[in-house]
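Asks: Turn these sequences into a full structure, and let the hints guide you.
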Amino acid sequence: MRRYIVGATKEIPPGKSKIVNVGNRSIGVYNIKGEYFAIKNVCPHQQAPLCLGEVTGMMLPCRPGEFIYGRDGEIVRCPWHGWEFDIKTGRSVFNPHRVRVRSYEVTVESGGGVGSAGRSESNGSNSRDESSGGSQVGDAQPDSMLEPEDPSVETYEVTVEEEMVVLHL
Amino acid sequence: MSPKPFIVDADVHHVPRSAGELDMYLPEAWRKSPKGGPGHGYVNPVGVMRRDAIPPNGGSPGSDPETLVRQLLDEFDISYGILNSPGFIGVSAMPNPHLAAALASAHNDWMIDKWLSYDRRLLGAIVVGNQNASLAAKEIERLANHPKLVQVIMSGASQEAYGRARYWEIFEAAEHHGLPVAVHPGSEGAGITAAPSAVGYPGSYLEWHTMLPQTFMTHLVSMVCEGVFERFPKLRFVFVEGGFGWLPHLMWRLDKNYKALRSQAPWLKRMPSEYILDHCLLTSQPIEEPEDPKHLMAMLDMIDAKRTLMFSSDYPHWDFDSPMHAFPKLPEELHRRIFGETARELYNLSDLEEAEGGADQEAAQS
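Sequences listed follow chains Y and F, in order. The first sequence begins at 1215 in my numbering and counts up one residue at a time. The second sequence begins at 225 in my numbering and counts up one residue at a time.
Each computed DSSO-like pair below joins lysine-lysine, with the alpha-carbon atoms no more than 27 Å apart: (1) F/K530 / F/K458; (2) Y/K1302 / F/K483; (3) F/K480 / Y/K1254; (4) F/K483 / Y/K1254; (5) F/K228 / F/K553; (6) F/K483 / F/K458; (7) F/K483 / Y/K1230.
Covered stretches of chain Y, as calculated for chain F (at least 3 residues, CB under 8 Å): (8) 1267-1278; (9) 1307-1313.
Simulated from the structure, these hints should not be mistaken for lab results. Glycine is no exception: its CB is placed at the ideal position from the N, C-alpha and C atoms.
Replies: Below, the structure written as structure tokens:
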């Protein structure tokens, strides 16, 4: 499993999302109330860019004549044909067992561990909040690379407090 | 010797010999009223009755039990025929719901006396007016326990589509008593009912009759979407005499729309077509007749005909379908289902046969 840095957590605050390109895959990463989820940006129906669809809630199970709206912010509605998908699982609302979009694991990791590693490369700008696209990182570099090379120079401790959103594919 | 085929004719028609025949079943207050619903004004140039079905002693086709039994049940070896009264279904087009209810009741009592007692193979449908669901439910309550009344019937013609809550009392009563509800065309555009097509009044009987399924389609979409089958999970609904070729299109279109628009029917737990296939049945006459019989077979497959379709002849109407010749050759199991087994299950005919078998034995012993 490879790890890809999507960006800093502050870049995708609750209620926001970001579309990143990983190789030839387009993936939407969503922040739902502080938790991160990722789904493929391709609707299984007719290959529409699913993650450009509205993030919404859904009508919950009820009796005839009732309307109970809920799960606001947890459902994405495809911009073509209006199919609804659960962002947390990738499962469709109308047929969760048979119709689903691929979902991916997302973790939040401290910037100290991953932020200093690798090279960021902007890959397009599809995201909803208009930030830059995702960036691919390689494996974390060995700790020795971060040691100061010249002990004669006065050094100060530096930490990166920022947390990063990491996609696992 | 192969066992006798079990054939149920799900749509047979009977009429009074004269309007006065019902008088004794009507409260005095209504005896001077017309004895049927208002007409729709569309004239069938070939007549609505089979000319060869006129009884030997005269009168309208369908008015003489002896002729009907001989010409239909005996001739085609039909095990059961279900009497759906087309004339009285039309009471739903009358402006006065009380008169409609009185006429429906009178018809039902007359049918029990004159027809159901005439031959054990004749079964009846409880006619109700649809203008006032409470009156209809009362009529269902009054007659539901009669063993030979196997369904409720009302007109396809109505003021609104049948998913509307104003009709739910009818469904509640029918479901409570385990009776399917059937709809039958004939009054579309008559009296107080809605226009017979979505663009108003067609110009001829030819057009009117061809477009009757449009009304059924509207009812079906309405019932599924408004949650009738969620609210009444045991309700079965029968579309009589409206064909079935329109159903695949409707199921596909409704399912497709549901995928996007389900927020307007959030009470549905399954795809609309699943409710349709589980809750609804159709009768076969007037059967669609494509040039290539393979197309009909494909259509039967699309509607899962082995559980949704029941043979009907529409005797003694002009477009009667013969049980011998209406269908192309069917696989044996499908044939058994369409011609009798599905109806046997729907109408609990095994219970009836068992009760009758018991009665026959008792009679033989005494």
